[in-house]
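A.B. asks: Sequence:
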Amino acid sequence: MRAFIPPTLPIILLSLLSADKIFAIFSADAFGTTNYGFKCADRIYKKYEIFAAAKKLCDVRAVNPVSKFGSYIDFSLPWIQEMLCPVDRPRDTPFAKIPLLKDGTLYPLELVPGERYVKDSDGAIVKKLPGPDHLIIDNKCGIVGAYIDHGDENEQGVRYVTCTLLKNAKDIARPSEGQSNFCDYPPTRSPQGSP
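Count the sequence shown with mature numbering (1 follows the signal peptide of the UniProt record, and there is no 0) and you get residues -24 to -1, 1 to 171, in order.
There could be a bad hint or two in this list.
[As the list claims (entries may be wrong)] Listed next, the in silico DSS-like pairs over lysine-lysine satisfying Cα-Cα at most 25 Å (straight line):
#1 Lys22 with Lys143
#2 Lys116 with Lys32
#3 Lys104 with Lys73
#4 Lys32 with Lys143
#5 Lys73 with Lys95
If you're looking for bench data, these hints aren't it; they were derived computationally from the structure.
Go ahead and model the full structure; you've got the sequences and the hints to work with.
C.D. replies: Written as C-alpha cells, this is what we have:
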C-alpha cells in the first residue's frame, strides 16, 4: 500500500519549520559582558591577551604582595589626570602599569628586572624588553585602560597616547585615534575569578 503525499506538503512543512527559527543573542562570553580589546596604533590586543597580562600581575601580587612588581603610576601626574576620569576612585589609589607584548607572551613580572630573560621562538635566550604599549590596572586587578608610551614626544609633541577601545571586531577597521580619556567607555571587567 502506498501513501499519497500531496506535492505541496514538503513546501508547507518547510515553511513551518523555518518560521520557528531561533536567533541567539550574543552579548557575553566566558569573561561575562566585555569589550573586544584595545588598538594601540596598528597593534591589536584582544581581550584574552589583556586578561592574561592582568591575571599574571594579580597572580604575582598574590604570591608576594609586598614586592613591587609592575611599575606604579602616580595619580597626580598631569598625563594620567588627562587620561583617567575622576570617577569613583580615590586620588590615592595606586595604578600599576604592565607591558603588553604583541608576540603573545607574558612579560616576566615575577623575575627581578636584571633577570628578565626568556627563550624566543628559535630557542635563544634573550632579554625581554617591554614595548611601548602598557596596560593600567588598579589595586583590585581591574583593568583601567591601555596607553602607548613613545618614550620621547612623537611628531605631534605627545609622549603618552591612550589606546582605542575596541567594543567589537568591526572596530578594528577604524583608524586608531586614541581616546582623550578613559571616561568615554565603561571599564572592562577584571580577570579575577575568570576561568
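A.B. asks: With reference to the structure, classify each hint as holding or not holding.
C.D. replies: For each hint, the structure was consulted:
1. Proximity of Lys22 to Lys143 is assessed by CA-CA distance (about 11 Å); at most 25 Å being required, the pair is judged to hold.
2. Of the supplied pair hints, the one linking Lys116 and Lys32 holds, its CA atoms being roughly 13 Å apart against a limit of 25 Å.
3. For the hint linking Lys104 to Lys73, the alpha-carbon distance of about 16 Å falls within 25 Å, and the restraint holds.
4. For the suggested pair Lys32 and Lys143, the alpha carbons sit about 23 Å apart, so the restraint of at most 25 Å is met.
5. Between Lys73 and Lys95, the direct Cα distance comes to roughly 23 Å. Compliance with the 25 Å bound is thereby established for this hinted pair.
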